[in-house]
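> Construct the complete structure from the given sequences, taking the supplied hints into account.
Going down the list, the protein sequences come from chains P and C.
For the first sequence, position 164 (counting from the first letter as 1) is numbered 589 according to our numbering, and the numbering increases by one without interruption.
For the second sequence, position 149 (counting from the first letter as 1) is numbered 574 according to our numbering, and the numbering increases by one without interruption.
Certain hints may be false.
Copies of the same chain are indistinguishable here, so a pair counts whether it falls within one copy or spans any two.
Straight-line Cα separation of at most 27 Å, DSS-like style, residue types lysine-lysine; simulated pairs [said to hold, decoys possible]:
id : residue 1 : residue 2
1  : K580      : K557
2  : K543      : K441
3  : K557      : K570
4  : K526      : K540
5  : K570      : K621
6  : K543      : K513
7  : K526      : K580
8  : K621      : K579
No lab work stands behind these hints, which were simulated from the structure alone.
Number of protein chains: 2
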Amino acid sequence: MNICTYSYDEYLHLIKTFHGSLAPGLIIGGFIVDLALQNLPEGELFDAICETPICLPDAVQILTPCTIGNGWLAVLDSGRFAVTLYEKDSGEGVRVYLDTKKLEKWPEVRDWYLKRKKKEGQDFDLLMSQIKEAGHNLLGMQRVKVDTEKVRRKKLGPVGICPLCGEAYPSRDGDWCRNCAGDTPYTNISSLDPEKENP
Amino acid sequence: MNICTYSYDEYLHLIKTFHGSLAPGLIIGGFIVDLALQNLPEGELFDAICETPICLPDAVQILTPCTIGNGWLAVLDSGRFAVTLYEKDSGEGVRVYLDTKKLEKWPEVRDWYLKRKKKEGQDFDLLMSQIKEAGHNLLGMQRVKVDTEKVRRKKLGPVGICPLCGEAYPSRDGDWCRNCAGDTPYTNISSLDPEKENP
Chain P
426 MNICTYSYDE YLHLIKTFHG SLAPGLIIGG FIVDLALQNL PEGELFDAIC
476 ETPICLPDAV QILTPCTIGN GWLAVLDSGR FAVTLYEKDS GEGVRVYLDT
526 KKLEKWPEVR DWYLKRKKKE GQDFDLLMSQ IKEAGHNLLG MQRVKVDTEK
576 VRRKKLGPVG ICPLCGEAYP SRDGDWCRNC AGDTPYTNIS SLDPEKENP
Chain C
426 MNICTYSYDE YLHLIKTFHG SLAPGLIIGG FIVDLALQNL PEGELFDAIC
476 ETPICLPDAV QILTPCTIGN GWLAVLDSGR FAVTLYEKDS GEGVRVYLDT
526 KKLEKWPEVR DWYLKRKKKE GQDFDLLMSQ IKEAGHNLLG MQRVKVDTEK
576 VRRKKLGPVG ICPLCGEAYP SRDGDWCRNC AGDTPYTNIS SLDPEKENP
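Right, here's the structure in full:
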């Protein structure tokens with residue numbers, strides 16, 4: 426049993442290293458990406474969509490060339506547990522999702538995924554063994570056409586210097602950067618001199 | 426010269442493997458994360474903020490335990506080239522950014538970063554050597570307090586089955602999932618049977 430070019434155990438090791446814990450969703454995510462890669466439409470360059478930010482983006486980043494930072498992975502917020510790989514230009518793609526109709530055979534996976542049991546009531550070892558046993562059999566698959574304009578990352582465009590913070594920002598955002606326009610998570614800002622601090 | 430626990434050349438190798446290309450922004454991002462890690466406030470568990478989706482999130486994901494999928498990395502869209510690492514609970518953090526006032530000493534970096542030269546006119550080798558020579562000297566640093574509520578990923582909450590697509594979704598989104606409510610990038614959807622397809 427392989428997940429893409431890795432053995433199952435190698436993939437578990439990669440999850441631990443990159444994601445920090447053996448998240449059940451990321452193991453199912455490995456099977457999802459594996460099935461999608463086996464059923465790519467024709468083409469050479471593929472971008473990815475995850476329909477939830479939870480766990481799945483890490484399966485895509487571990488197993489494909491698509492990352493958040495290179496812009497080939499888009500994360501949507503519909504909260505469905507699905508990955509789509511699609512040809513960059515044509516938008517022709519394959520979408521693989523967790524099929525709720527197939528959950529009954531693996532009740533521990535069902536109760537975890539549909540949140541029917543609190544964490545304390547879950548049997549982690551049973552959950553892991555049912556996920557491994559199920560493999561691709563939990564999954565559904567669709568051909569889709571992706572409206573690439575809707576998911577493609579905006580280009581940065583021209584760059585200006587914000588007159589308030591002095592940092593570079595996308596000029597399209599207006600006369601000053603979004604942070605200085607008020608969309609900021611920061612308070613109590615004080616400057617530090619990198620040359621005088623550690624190390 | 427190290428980037429966190431890696432030699433400079435090891436870090437370049439990691440960039441190529443994970444990100445796919447030697448993006449100049451990701452090399453500067455390595456120095457940014459390195460400086461931030463050296464100046465963490467007190468605490469044990471740190472989350473990360475990137476203020477742009479371009480390149481920087483991959484530096485954080487390569488060099489820290491924070492990823493998109495585990496929810497410890499938030500990506501904002503102010504477009505400023507900055508990373509903040511902050512203590513999960515208190516929000517006390519260190520913010521490291523590319524300081525435009527320090528760019529004059531490295532004109533090839535300046536012209537690349539501020540988009541003063543088209544790609545054809547850039548000297549890639551000179552750009553790379555100036556980035557390496559500059560190291561931390563291109564950077565500014567601030568202590569900040571993060572409003573953690575503004576950046577923390579929403580919990581999934583209760584899960585329902587969408588009556589239209591039959592997939593699981595966050596019940597808080599309403600009577601059906603966001604995709605079926607019309608926020609979708611897909612057209613021309615047709616089912617495939619995973620058992621009948623490749624391999």
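> Now look at each hint and say whether the structure bears it out.
Checked hints:
1. Only between protomers do K580 and K557 lie at most 27 Å apart by alpha-carbon distance; the minimum there is 26 Å, versus 40 Å within a single protomer.
2. In this assembly of identical chains, K543 and K441 lie within 27 Å of each other by CA distance solely inside one copy; the values are 23 Å within and 41 Å between copies.
3. For a Cα distance limit of 27 Å, the shortest separation of K557 from K570 qualifies neither inside one copy, at 30 Å, nor across copies, at 43 Å.
4. For a Cα distance limit of 27 Å, the shortest separation of K526 from K540 inside one copy, 16 Å, qualifies, whereas the shortest one across copies, 52 Å, does not.
5. Proximity of K570 to K621 under the C-alpha cut-off of 27 Å is restricted to the inter-copy arrangement: shortest distance 21 Å between copies versus 54 Å within a copy.
6. Taking CA atoms no more than 27 Å apart as the test, K543 paired with K513 passes between copies only; the shortest distance there is 24 Å, against 41 Å inside one copy.
7. Within a single copy, K526 and K580 get their C-alpha atoms only as close as 40 Å, which misses the 27 Å cut-off; across copies the closest is 24 Å, which meets it.
8. Taking CA atoms no more than 27 Å apart as the test, K621 paired with K579 passes in neither setting, with 38 Å inside one copy and 38 Å between copies.
Hint compliance for this structure: hints 3 and 8 are not met, and every other hint is.
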